[in-house]
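Undergrad: Put together the whole structure using the sequences plus the hints.
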Amino acid sequence: MSRILTLQINEHTVQVPEGKTILEAAELNGIKIPTLCAWKDLSPFGACRMCVVEVDGMRGFPAACTTPALDRMVVRTTTPQLDELRREVLALILSEHPSGCLLCGKDSDCQESMGTIRKVGVTTGCRNCPKDHQCELQDVVESLDCLEQTHALHYRMYRVEREDPFYDRDYNLCILCGRCVRVCQDVRLASTLAFLNKGRRTAIGPAFGRSHVEAGCEFCGACVSACPTGALAERARKWQGVPEKTVQTTCALCGLGCALDVHVCGGEVIGAEAAEGAHVCVKGRFALPELLNNPDRLLKPYRWVSKHRQQVGWEIALQTAVERLAACPPEGFALRMGADCTTEDLYVGQKFTRQVLHSEWVETPIGAFYGGSLETYLSLYRYVLPFEALEEADAVLAVGLDTRLNRSVVGVSLKRALENGARLFTFHPLPHNLTRHASKWFQAQPGELAALLGDLDVLQGAHKPVILLGPHYLHTDAAADIFSAIAQLAQQTGAGLLTLPAQANLLGALAVGAFPRRALPKMDWNTLYLAGAVAMPGEQAEYTIFQSFVQPPAGQPADLALPSAAFSEVDGSLVAGDGQVRLLHQVVSPPGEALPHWQIFCELAKRLGADGFNYTSAADIRAEIGIIGGKELLERASELQLPAWESTAEGEKRYPLLPLYAPGEFTYQDLPLTTWVKGLEAFLDGRGE
Amino acid sequence: MNAPEDFNRLIAGLRGEESDLIPLLQRIQRQQGYLSEESIANAARFLRVSENEIYGVASFYAQFRFSQPGRHSLKLCLGTACHVRGGAFLAEEIERRLGIHAGQTTPDGRFDYHPVACLGCCALAPVLQVDDTIYGRMNFARLQEVLDRYE
Amino acid sequence: MNNLDVFRSRAVEEWQTLQSSPVPVIYFGTASCGRAAGAMQVMEAVRNLLAERGWQAKMVEVGCIGPCYLEPLMDIAFPGKPRLSYANMTSARAVQILTAWFEHGDFSLRFATGHFGEPQAFGANVPNFYDLPVMKAQVRVVLRNCGLIDPGSLAHYLARDGYRGLEQALAGSPEDALKTVMASGLRGRGGAGFPTAKKWELCRMAGGETRYLVCNADEGDPGAFMNRSLIEGDPHALLEGMLIAAYTIGAQHGYIYTRAEYPLAIERLYAAIAQAKEAGLLGENILGSGFGFDVTLKEGAGAFVCGEETALLASIEGRRGMPRSRPPFPAVKGLFGKPTVINNVETLATVPNIFRQGAEWYRQFGTPQNPGTKTFSLVGKVRRSGLIEAPLGATLRQIIFDIGGGTLKPFKAVQTGGPSGGCLSEKHLDMPVDYESLNAAGSIMGSGGLIVMDEDTCVVDVARYFLEFTQNESCGKCAPCRLGTARLVEILDRIVQGEGNLADLDRLESLARTVKQGSLCGLGQSAPNPVLTTLRYFREEYQAHIQEKYCPAAVCKDLYALTISDDCTGCQLCVRVCPTGAITGEKGAIQTLNRSACIQCRGCIDVCKFNAVIGIPSSRQPEKCAAVEVLL
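Chains as they are written, first to last, in the working numbering: chain B, 1 to 689; chain Z, 1 to 151; chain X, 1 to 632.
None of these hints come from the bench; they were simulated from the model.
No residue lacks a Cβ here, since even glycine has one placed at the ideal position from N, Cα and C.
No false leads were mixed into what you were given.
So the derived label-pair ranges between C-beta atoms look like this:
#, chain 1, residue 1, chain 2, residue 2, range
1, X, 430, B, 186, 47 to 57 angstroms
2, X, 493, B, 439, 50 to 60 angstroms
3, B, 209, X, 3, 48 to 58 angstroms
4, X, 100, Z, 71, 34 to 44 angstroms
5, Z, 13, X, 3, 22 to 32 angstroms
6, X, 144, Z, 96, 42 to 52 angstroms
Keeping only pairs whose Cα atoms sit at most 25 angstroms apart, straight-line, the calculated DSS-like set for lysine-lysine is:
#, chain 1, residue 1, chain 2, residue 2
7, X, 179, X, 333
8, X, 333, B, 20
9, B, 20, X, 338
10, B, 245, B, 32
11, B, 678, B, 238
12, X, 58, X, 81
TA: The structure is reproduced here in C-alpha cells:
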C-alpha cells in the first residue's frame with residue numbers, strides 16, 4: 001500500500017498515492033492540464049511542453065507530465081503567464097502544422113453546406129485532414145483560445161507515404177510528440193518506428209527510408225491509435241469522422257480471443273482498436289470494416305431454381321429448407337460448422353443435427369489443420385496455461401511460431417518476458433521474426449524436430465518454462481511425432497504450454513460436442529448443411545444449404561443460401577485457446593435480414609416440429625449448456641477420443657509447402673480474409689496462402 | 001565486411017549490451033568508412049535491437065554516414081573562432097572549388113566534404129582537417145595548396 | 001614501500017636524468033594545436049637532421065603550454081642550461097638553430113622567446129617564459145604540467161608529485177575527502193558552477209550499492225578547447241581527479257565521455273589508463289586501500305547536446321542523446337538508473353591540486369564566492385590567442401588585453417560560454433569574470449570559451465551563427481527548442497539579407513523568451529542567449545541592418561559593398577588572392593575594386609596590411625517585386 005500524498009493544486013487540496021506525476025495527480029482529481037505528448041500508460045516524455053505548470057520552490061516552468069508529485073507541493077496549472085507560454089509554444093507547433101482546419105473563419109458556415117449533392121462530384125469545404133474534429137491538437141488550440149497564427153507556416157514538404165497497407169502517413173501533419181514511437185518501442189516492443197536525425201530534421205520512420213512492410217512492421221496499428229493528429233490515418237475510415245459509439249467485444253479471428261473496441265458510425269462498423277489494456281494484431285485492428293461491410297455480404301435468403309437465383313423471404317426460405325430436411329434420411333445429412341462460430345451456435349447446431357435430424361454427422365473442419373493428428377494435438381491440452389503465464393516465463397520454446405502478423409499479441413507478451421530476462425529458443429525451418437530475439441534458433445525441418453525436442457536440454461534450470469506451439473509444423477506428416485515429443489518435454493520439465501490455435505472456438509466446438517462420435521462414412525450427402533463453413537475438397541451433395549455472412553464463393557455449390565450474422569453482430573461466447581471463456585457483445589445489428597446461426601437452426605427446428613428450441617437469447621442457450629471452460633475443459637479436451645477423420649486425408653495433402661503463414665491463419669468462417677481485406681495480400685502473396 | 005568472421009572480429013570484447021551500440025557502429029565505420037545496410041543488420045542481430053532503432057540512434061550522431069565516403073575526407077571547422085575568422089567564406093570557397101555541397105562526395109570520389117562543429121584548434125583558426133591531418137591558419141591561397149596534396 | 005613508491009622513485013630518477021642530460025633535450029609541443037601549426041613536420045626535420053649528422057640529442061613530445069599563437073613551439077634544454085623556448089618554428093629554422101649549436105655552440109637567442117631558468121639566465125634580451133606578458137597575469141594550477149611534461153609518461157607525472165593528492169585522499173575517509181572539497185569551495189567548471197561537494201554529497205546519500213562517476217569530456221562548445229588541451233597535455237591529472245571523486249562518492253566504475261573529434265586526446269587517455277592499471281592506480285584495492293575503481297573510455301559520436309548530462313547518459317547507454325526532465329537528478333538516478341556524478345574535465349583535474357596542496361591553499365586564488373582558477377580558450381580576433389588560466393574574478397580587460405594583448409582592430413565584443421552564452425560589449429570589460437556576474441549580464445561562464453570580436457565581426461551574423469548551430473544541434477525532442485530556434489534563424493536570416501523590419505526585433509525578443517522558458521533542457525533554455533544579449537548590447541547594429549540596409553562590419557553579403565580606400569599602397573597582395581580578378585591597378589598606385597566581379601569572399605580584407613579594403617553601404621535598395629506591388 002503506497003503512501004498517500006497531499007498536494008495543493010490551484011487552491012484545491014488533493015490527495016494522490018505516491019509515485020504519480022503532477023499531471024496524473026491533477027487528472028485523478030478532475031483537474032485538466034492540456035497535453036499532447038502524454039498518453040495513456042506511455043512513459044513520461046515532456047516534449048510538447050503544453051503541460052507546463054508553476055510549482056512553489058521550483059525554478060521556471062516544469063512539465064507536469066515528468067515532474068513527480070511530492071507531499072505538500074503547491075502547484076498552479078493555470079496562470080496568465082502559463083497560458084501565455086502555452087499559447088506561444090502552441091503557435092510554434094502550428095508554425096509547422098498546416099492549420100487551415102483551426103483558423104479558417106468560415107469553418108462553421110462551411111460545415112452546413114458540406115452535404116451538397118450534385119450530379120457531378122463537388123468539393124465543398126476543406127476536408128484536408130482525416131482527423132478533423134477528432135484531433136487533439138484542435139482540442140488544445142480551442143481550449144487555449146489560440147486562434148491567431150503568429151508565425152508564417154513552414155510546410156515541410158514531406159511526401160505522403162502511401163506504400164503500406166491500411167494507413168497513410170502524412171508527416172507534414174506530425175508534431176513529433178513521439179507517441180507512435182513510444183507505443184511501438186515501449187508498449188508493442190516492435191521497434192518499427194524510431195526517431196530519426198536530430199534538430200529540425202528530426203523525423204519518424206524505419207531505417208533507411210524503408211516501407212513498413214519492408215521494415216518488419218506488425219501492422220498492429222498502435223501507432224495510428226496513438227497519433228493525436230492526422231499524420232497517421234487509417235485508410236478504411238479516413239473520412240468516416242467521429243465514431244457514434246464504441247462497443248467492446250471479443251475478436252473472433254483467431255483462438256487468442258483478444259478484447260476489441262469496435263467503433264460504429266451510421267449502424268456500420270468503421271474500425272476497431274485494442275480495448276483498454278489489451279493488444280490486437282493486424283486482423284483485429286484493420287480487417288473488420290472491410291470484412292463486415294464487404295459487397296459480398298449475404299443480406300437476404302436466396303434459393304436456386306434450375307440454376308436461377310431467386311431472392312426469397314425468410315418464410316419461403318425456411319419452408320424450402322424444411323421440405324428438403326423432412327425428406328432427408330438421417331444417414332444422408334451432415335452439418336459442418338465453422339470453428340469460429342459461437343459456442344451457442346455450435347451447441348444449437350449439434351442439437352439440431354442430433355435431435356431433429358437424428359444424424360450423427362455434425363463436425364467442425366478442424367481436423368484439416370492438425371495433419372490428421374487432432375487427437376495427439378488435443379492430448380496436449382492438459383499442459384495448457386492461461387495466456388497471461390507467458391509474461392512470467394523465464395525460458396520459452398517457440399515451436400514453428402512467427403509472431404509478426406496474426407499472433408503479434410503473443411509476440412508482445414513474449415518480448416515482455418525476454419525483457420524481464422527470459423531466454424528464448426526457437427524452432428523454425430525459415431527465418432522468422434523471432435530470430436533476432438532468440439538465444440538460439442534451431443533451424444529444424446519437420447522430420448528432425450521430434451528427435452531434436454527429445455534431446456533438448458536448454459530448459460534445465462528454468463523455473464517457469466513455457467512452450468509456445470505455433471502453426472508451422474502442424475500441417476506436416478511429422479505433426480503427430482512432434483506433438484508427442486512436446487508432451488514428453490512438458491511432462492519432463494514441468495513446462496506449461498500455450499497452443500495458439502488459428503480457430504476462434506476450437507475448444508468451444510469440442511466442449512459442446514460439435515463433432516461426430518463415429519467415423520464419417522462417406523463424402524456423398526443427400527443434404528449438406530454448411531453453417532459458417534465451406535465444403536471439403538471432393539465432397540459431394542445432392543443439395544447444399546449454405547448459411548454464411550457472405551455469398552457462396554466461386555466453386556461452392558449451393559441450393560439455398562441463408563444469411564447469417566458475423567461475430568460483431570451477435571451476443572455469445574467463445575472458448576479461447578487457453579480454455580478461458582470470452583464473451584461477444586453485439587456491436588451492430590446484422591445487416592439486411594441476416595440472423596445468428598443459432599436462431600436459424602431454432603426456426604428450422606420449430607418448423608420441423610421439434611421441442612426445446614425456444615431460446616430467446618444467447619444467454620438462454622448458455623444457461624442450458626452450463627458452465628464450460630477453464631482447467632476442467634482442458635482436461636476433458638485432452639482425453640477426448642475422436643474417430644478417425646477420413647475427410648482430413650485430403651486436407652493433409654492440401655498443404656505440401658511450408659509457408660511462413662500457415663493455412664487457416666487468415667480466414668474467417670472458412671473463407672480467406674484476403675478476398676475482402678486486400679491490404680493483407682501485402683504479406684501473404686507468394687507465401688503459400 | 002561480408003564475411004561473418006569479419007564481423008566477429010569487430011565485436012571482439014563487446015558483450016552485446018545496448019551500451020555497446022555506439023562503440024560497435026564506430027568500429028564498423030572505422031573499418032568500412034560508413035554504415036551499410038548489411039552492417040546494421042549484423043549489429044541488430046548481435047545486439048538484439050531492431051535495425052530501425054539502430055538507424056535512429058546512428059542518424060542522431062553527426063559522425064555516422066550511410067554512404068560510401070570519398071578517398072579523402074575534408075572536414076572544415078565551423079566553430080565560433082573559425083567562423084569569426086572567416087570559416088564561412090572558406091566553406092563557400094571549398095564548395096565552389098570542388099563543385100559539391102556539404103555532406104557530398106566529388107564525382108571522381110576524391111573528396112567528401114563535411115563541415116564540423118569544432119576541431120578544438122581555435123587559436124589557429126580557421127582550421128581544415130584532411131583525413132587525419134589538421135591544417136591551421138587557412139586562407140584561400142593555402143586551401144589550393146592543401147587540396148593539391150591529395151589525389 | 002608500496003608499488004607506487006617504487007614507481008615514483010624510479011620516476012624521479014628518470015626526470016632528474018632528463019634535467020641533467022649531457023646532450024640537448026628537444027621538446028616539441030605536439031598537442032593537436034601544435035600539430036595543426038606544423039609541429040610534426042618540424043619534429044621530422046629535426047629527427048632527420050640528427051640522424052644525418054650523427055648528433056646526439058633527446059627528443060620529447062609535450063602538450064600545449066598555452067600560447068597557441070606561438071605554435072609550433074620547440075624548446076631546447078642545452079646541457080647545463082635551462083630550457084629555452086623558440087616560437088613559430090619552421091623546419092628550416094629548427095635545422096638552423098640546431099646546426100648553430102652543434103657547430104658553434106650558439107644558442108640562436110635572436111629566435112628565442114623565453115627560458116625556464118633563473119632571471120638573466122640568457123642575458124637581458126631573453127626573458128623568463130613566465131614573464132612574457134601572455135603568461136605573467138596567469139596562475140597555473142590545472143595547467144601546471146601542460147607543455148612541461150611528456151603526457152605519454154606516467155613517470156613525468158609522478159616526478160612532478162602526481163598522485164600525491166590521491167595518496168592524501170586515501171589516507172583519510174571518504175567523509176574527510178568530501179570535507180576537503182567542501183572547504184575548497186570548488187564549483188563545477190562545466191558551466192553552471194554548481195558546488196562540486198554538494199553534487200558528490202547528494203550521490204553519496206543516494207541508496208544502493210552501485211554508483212557511477214562520469215567525466216564529461218564532450219567539449220562541444222565551438223570555440224572552446226580547454227579540455228582537449230588539458231587531456232592532451234596532462235591526462236593523469238584527470239585520472240587522479242576521477243580516482244579521488246570515485247573514492248569520495250563510492251563509485252566502482254567510471255566513464256570518460258569524450259568527443260570523437262579529439263583523436264589525440266583519446267589516444268593519450270587510452271595510454272594513461274593502461275599505465276595507471278599497470279601501476280595499480282586503477283583496478284582492485286588501489287594502493288592497498290581496499291578501494292577499487294575502473295575507467296571506461298566512451299567516444300562520443302558528434303552531438304553537441306550530449307554535453308547535457310541526461311543526454312550524455314543516454315548516449316553512454318547506447319541511445320539517442322535526447323535529454324530528459326530532471327528531477328530525478330542523475331545524482332539520484334543516473335547511468336543505468338544508478339546514482340551518478342557527472343563532472344567536467346577541468347573540475348576533476350583541479351581536485352588533485354586541492355588535495356595535494358590543501359583547500360586553504362586553493363582558496364587563495366579567486367574570490368570568496370568563486371574560489372580558484374579557471375581555464376579559458378581565448379580566441380577570435382585577439383592578438384595572443386591560446387589556452388590560459390586565470391583566477392576567477394579577474395576582469396575581462398585583464399584577460400583580453402593584459403593576457404591576450406588586445407585586438408588588432410578596435411574591440412567590439414566578447415562572447416562567453418559558447419552557444420549558450422552571450423555577447424558582452426566594451427562596457428563589460430571591467431566586469432569580474434565569475435559565475436554570478438556573467439549571469440547577471442545575460443551570459444554564462446560555460447566551459448570557458450572566450451571569443452573576442454573586433455569591428456570586423458558582425459554581431460547579428462554571430463547571433464545567427466549560434467542559433468543556426470543550436471537549431472542543428474537541438475535534439476529535436478521538445479517543441480520550443482526544435483521549432484523556436486528554427487523560427488529565430490528565419491527571422492535573423494531575413495535581417496542579414498536586408499529583409500527585416502523593426503517589428504522583427506520584438507518578435508525575436510518574445511520568441512527568445514518562449515524558447516528560454518519553455519524548453520526542456522539547458523540547451524534550449526540557454527539557446528536564445530546570443531540573440532538576447534546582442535539585442536541588448538548591440539541593438540544599433542541590428543537597426544543598421546534593418547533601417548540602413550547596411551552591415552557595418554562588412555560581413556552580411558547583401559548589406560555592404562567593398563571598396564579600396566586611399567590607404568592603399570599598391571602592394572597588390574590583394575590582387576594575388578582575389579579569386580575573380582575583381583581588383584586591378586598599377587603597382588604602387590591605389591587599386592580599383594570592380595564591384596560587379598567581386599564575390600565578397602573577403603580574401604583581400606584578410607591580406608591587406610593597411611586596412612585599405614573597406615565595406616561601404618551597397619547601393620542596393622530594398623526592391624519590391626513589381627507583381628507584388630500590383631497586387632497591393
